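K.L.:
Take a look at the letters that make up each chain.
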Amino acid sequence: MLTRTERNYIKRGLLFILPWLLGFLAFNLYPLLASFYYSFTSYNVLTLPEWIGFENYKELFFNDSLFLISLKNTLYYVVVAVPLYLVAGVFLAILLNLKVKGMSLLRTMFYIPSIVPIVATAILWRWIFNPQIGLMNALLNKVRLPSIGWLTDPFWAKPSLILMGLWGIGGGMVIYLAGLQDVPQDLYDAADVDGANWWQKTIKITIPMISPVIFFNLIMGIIGAFQYFTQAYIMTNGGPLNATLFYSLYLYQNAFTFFKMGYASAQAWILFIIVLLATVIVFKSSARFVFYQGGELK
Amino acid sequence: MKARKGYAYLTGRVLLHIFLYFLVLIFLLPFFWMVSTSLKTDEQLFIIPPQWIPNPIVFGHYKEAVSRIPYLLYLKNTLIICIVNIIGVLFSSMLVAYGFSKIPWRGRDIFFIIMLSTLMLPYQVTMIPIFIVFRKINWVGTFKPLTIPSFFGNAFYIFLLRQFFMTIPLELSDAAKIDGAGDLNILLNIILPLAKPAIATIALFTFISNWNDFLGPLIYLNDASRYTISLGLQQFQSAYDTQWQNLMAATTISIIPIIVIFFLAQKTFVEGITLTGIKG
Numbered sequence: 007m008l009t010r011t012e013r014n015y016i017k018r019g020l021l022f023i024l025p026w027l028l029g030f031l032a033f034n035l036y037p038l039l040a041s042f043y044y045s046f047t048s049y050n051v052l053t054l055p056e057w058i059g060f061e062n063y064k065e066l067f068f069n070d071s072l073f074l075i076s077l078k079n080t081l082y083y084v085v086v087a088v089p090l091y092l093v094a095g096v097f098l099a100i101l102l103n104l105k106v107k108g109m110s111l112l113r114t115m116f117y118i119p120s121i122v123p124i125v126a127t128a129i130l131w132r133w134i135f136n137p138q139i140g141l142m143n144a145l146l147n148k149v150r151l152p153s154i155g156w157l158t159d160p161f162w163a164k165p166s167l168i169l170m171g172l173w174g175i176g177g178g179m180v181i182y183l184a185g186l187q188d189v190p191q192d193l194y195d196a197a198d199v200d201g202a203n204w205w206q207k208t209i210k211i212t213i214p215m216i217s218p219v220i221f222f223n224l225i226m227g228i229i230g231a232f233q234y235f236t237q238a239y240i241m242t243n244g245g246p247l248n249a250t251l252f253y254s255l256y257l258y259q260n261a262f263t264f265f266k267m268g269y270a271s272a273q274a275w276i277l278f279i280i281v282l283l284a285t286v287i288v289f290k291s292s293a294r295f296v297f298y299q300g301g302e303l304k
Numbered sequence: 091m092k093a094r095k096g097y098a099y100l101t102g103r104v105l106l107h108i109f110l111y112f113l114v115l116i117f118l119l120p121f122f123w124m125v126s127t128s129l130k131t132d133e134q135l136f137i138i139p140p141q142w143i144p145n146p147i148v149f150g151h152y153k154e155a156v157s158r159i160p161y162l163l164y165l166k167n168t169l170i171i172c173i174v175n176i177i178g179v180l181f182s183s184m185l186v187a188y189g190f191s192k193i194p195w196r197g198r199d200i201f202f203i204i205m206l207s208t209l210m211l212p213y214q215v216t217m218i219p220i221f222i223v224f225r226k227i228n229w230v231g232t233f234k235p236l237t238i239p240s241f242f243g244n245a246f247y248i249f250l251l252r253q254f255f256m257t258i259p260l261e262l263s264d265a266a267k268i269d270g271a272g273d274l275n276i277l278l279n280i281i282l283p284l285a286k287p288a289i290a291t292i293a294l295f296t297f298i299s300n301w302n303d304f305l306g307p308l309i310y311l312n313d314a315s316r317y318t319i320s321l322g323l324q325q326f327q328s329a330y331d332t333q334w335q336n337l338m339a340a341t342t343i344s345i346i347p348i349i350v351i352f353f354l355a356q357k358t359f360v361e362g363i364t365l366t367g368i369k370g
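Top to bottom, those sequences are chains A and B.
So for the first sequence, this note's numbering puts the first residue at 7; every next one is plus one.
So for the second sequence, this note's numbering puts the first residue at 91; every next one is plus one.
Short, incomplete list of chain B residues facing chain A, as computed with Cβ under 7 Å: (1) 189; (2) 334; (3) 344.
Calculated directly from the structure, the hints in this document are not laboratory data.
In this text, all values refer to a predicted model and were calculated from it rather than measured experimentally.
C-beta atoms are modelled at their ideal positions from N, C-alpha and C, and glycine is treated no differently.
Bound conformation, chain B alone (with noise of 0.2 Å):
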C-alpha cells in the first residue's frame, strides 16, 4: 500500500515538473523570438519554418534603431519623471500615512475611508477636467503634469504604508513623545528607519509604473524632445510599421533596463509583493 501511494507520489511531482518547465519555457518564448528577430536579415525574416537562431547573425538594426531612436534622451526624460515622482511619492505618502496610523484624531477613519474609495476611480473619469485645467495653466507638453501631482499623495501607496506604519508599536512613539519629540521629529527618526523595506517597495513601484506608463506621456507630451521611452517606442513603431528587425531591437533595448533593474532589486520586490499580500 505504502509503495503504490510513494509510486503515485512520484508520478505526480515527476508530470509537475513536466508541466511547470515546459510552461515556463512557453513564457520565456516571446522573448527568445524577439532578440531572435533583431538578429535577422531580410531573407531570414521570411524563411517558413522560422529560423529560431539565425545564421547568420547581424547586429546591424540595434545600430539603426539606436540612431533612429534618441534613446539617451528619451531615456532622461523618463528618468527625471521617475526621480521626481518618487521623491513627490515618498514625500506625501510619509507625511499622510503617519496622520493616519500615528495620531488619534476624530475623523480619521472617514478621512481613510474616502481615500480608499478613490482607488475606484478610473483615471479616465478625472483625466478630462485635469487636462483643461493644466492646458489653462500652461502646463500641456512640459513634465508637470506627469510629476507635480504626486507631491499630493497617491492612495495605493498611502495605503500600504499605513499599514507598514500600523505594525509599528505606539509604545516606541510614546516613549518619543515622553521626551518632548514633535511628530515631525518621531517620523523621521523613530518610524522611518523601521519602514525603510516599505519605503523601498514604494519607491520601487513607483518608478515601474511611471517607466512604463503610456496615457499619461501620450496626453501630456507633443513635443518629440519630450517623449519618454513608452511614447518614443510607440512612435516610432508607427512610423516603421513593418520593419520587424528594427522594431524588435528597439524593443529588446527598451526592456533591457528594467530587467537589470528587477534583478538589481529582487529583494526589494518579493519584500513588496508580500507587503502588497497583506492585505486583504
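For reference, chain A alone in the conformation it holds in the complex (with noise of 0.2 Å):
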C-alpha cells in the first residue's frame, strides 16, 4: 500500500508531466503502433486502408530494386560520413583547444557554417559543384587537375555530399570543446611529470576524458545519418542514376509524392528496427571504448 503522501507525490509528478505524456501518447506511441498496422496494408489515404498481410515487406525485400538500393546508399553515408566527421569534429577540437593567437574568433568561423540553413547550404554546394564554372572544379583546374562531375557522376554524388557535410563539422567541434574544457589540468601536468609527449597525453588522457561526448554523439550521428535527407532532395533528388536515393528520401516519395503510405509506413517500420538495432549494437560495444570518470555510467 502506498502512503498518503507517496499518493500525492505521484499525483503531483504526473501531473506537471502530463504535457509531455500527452505529446508521448499522441506523437510517439500511437503513430508507431498505427505506422505498423498501416505497413500491413495497401493505403493511399483517399480509400481506407486494405489489409494484405506481409505483401509490402516482400514487395519491398524481394521485389523492389530501389528500395534496397536506398539502403545500400544509407548505409554506405552512415559507415563513411559519421566516423569522418566524428573524427574530424574531434580534431578540430582538440587542435582549438591549444593555446591560439586569435583563438575564439576561429571558433567562431568554424562554428558559422553549421547553423546555416540546410536549404541555404544545399543550394550553395550545388553552385560550388557546378561540372562546368563551379568552384570545385576551378580549384581542381588550378591545381591542374581534371575536372569532375561532383553531382552528376553517380561516383562521385555520395563522396560529394559527404564532403559538403564536412563544412558543418563545427556543430559536433563546439561540443568537444565544452567536453575538452571539464579534463582536469592536474592529469596533464602528472602526465608531463613523466615525460609525456603531446600525442601520448593525447591519446591516453584526452580521447578517453572526453569518450562519453564521443559516444553520444556517435549514437545521434547515427540516427541522424539514417534520417539523411534534404541535401539529397534539393541538390539531387536521388540522382544520378539513383547514386543518391537515400532510405528516407525513398520513404518520402513513397509516402508523399505516390501516396503509398501502407508501403512507405512498412519502410518506416524497416528504418525503425535498424535504428533500434545499430542503438544497442553501439551501446553494447560502448564499455569497451567510452570512459565515465568516477567509473559510473550515467
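Fit chain to chain and form the complex, with the hints in mind.
P.N.:
Following this line, the structure appears as C-alpha cells:
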C-alpha cells in the first residue's frame, strides 16, 4: 500500500509531466503502432486502408530494387560519413583547444557554417559543385587536375555530399570543445612529470576523458544519418542513376509523391528496427571504449 | 637540450597556426563564393578561371531576388512558427522538467527512461500516421501541425532543462515549501530565475531548428502564401534552376538573419553548448 504522501507525490508528478505524457501518446506511441498497422495494408489516404498481410515487406525485400539501393546508399553514408565527421570534429576541437592566437574568432568561424539553414547550404553547394563553372572544378583545374562531375557522376555523388557535410562539423566541434574544457588539468600535469609528449597525452588522456561525449555524438550521428533527406532532396533528388536515393528520400517519395502510405509505413518500420539494432550494438560495444569518470554509467 | 626543445615547440606552434588559418580560409571560401557570384553579370559568371572580386559589381540580382520572392511574407510565416514553438517548448519543458526533477514520485525514473528513448525515434517512423491524423482534422495547409505539438514537450529540451534543474539544490525549494509555497510557486519564483541561462539556450535552439526546418513545412504547407523561408528558397531554386546569381543573392539574404542572431546571442550559444556538453 502506498501512503498518502506517496500517492500525493505521484499525483503531483504525473500532473507536471502531463504535457509530455499526452504528447508521448499522441506523437510517439500512437503513430508507432499505427504505422505498424498501416505497414500491413495498402493505403492511399483517399480510400480506407486495405489489409494485405506481409505483401509490402515481401515487395520491398524481394521485388523493389530501388529499396535495396536506398538501403545500400544509406549504409554507405552511415559507415563513411559518421566516423569521418566524428574524427574530424574531435581533431579540430583538440587543435582549437591549444593556445592559438585569435582562438575565439577561429572557433566562431568554424562554427558558423553549421548553423546555416540546410536549404541554403544545399543550394550554395549545388553551385560550388557545378561541373562547368563551379568553384570545386575551378580549384581542381588550378592545380592542373581534371574536372569532376561532382553531383552528376554516380561514383562521385555520395562522396560529394559527404564532403559538403564536412563544412558543418563545427556543430560537433564545439560540443567536443566543451567536453575538453572539463578535463582536469592535473592529469596533464601528472603526465608532464612522467615526460609524456603531446601525442601520448592526447591518446591516453584527452580521448578517454571525452569518450562519453564522443559516444553520445556517435549515437546521435548514426540516427541522424539514417534520416539524411534534405540535401539529397534538394541537390540531386536521388540522382544520378539513384546514387543518392537515400532511405528517407525513397520513403518520402513513396509516402508523399505516390501516396503509398502502407508501403512507406513498412519502410518506416524497417528503418525503426535498423536504428534500434544499430543503437543497441553501439551501446553494447561502448563499455569497451567509453570511460566514465568515477566509473559510473550516467 | 632545452634550446632544441624550444625550437621544436616553436616550429610546432607556427605550423599549427598556418594549418588552422589555412583551414579557416577554406571554411569561409563558400561564403565568399556565394556573395561574389551574387554580384556578377552573366558574362562574368562564365569567365574561367573565375573572378573572385567581380568588376564591375552589380547589385541587381538582390533586387530581382527580392521582387520574385515575397521575403517579408516568408519571414513573417517563419517568425510566427518560431515564436509559437518557443512559447510551446518553454511552457511544456519547464513543467515536465520540474516533474522529472523536483518531485520525488514513484515511477519517475521509468517515465524518464521512456522519454529518453524517444530521442532515438526517427521522425520518418511517426510522420505518416501523424500526417494522416492532421489531414483528417483539416490541419494540413495551416501552421498548426508545425506549432501545436511543441506544447506537448520536446524530449531533448526537457532532458536539458531537467539536468539543469537537478543542479539547483533542493534546500532552496524545501525552504520555500515550509513557507507553504505550492509547486507552481516554487517553479516560477525559485527555479526559473536560476534557470535563465538554460531557458535562453532552449529558446535559441528552438528558434534555430524551426528556422532551418525543411521536411515539416514541405509536408504540411502547400499554399505559397504560407511558405517559410527555407521552403520558399527551395521552391525558388526549382523554378529558377540555373540563374545562379539570383539564387546566390536569395541564399545570401536567407542566411543573413541567422548570422545576425548568432552574433547577437553569441553568449547564449556558448552557454548552450556547454550545457549540451554536460551530458555523457
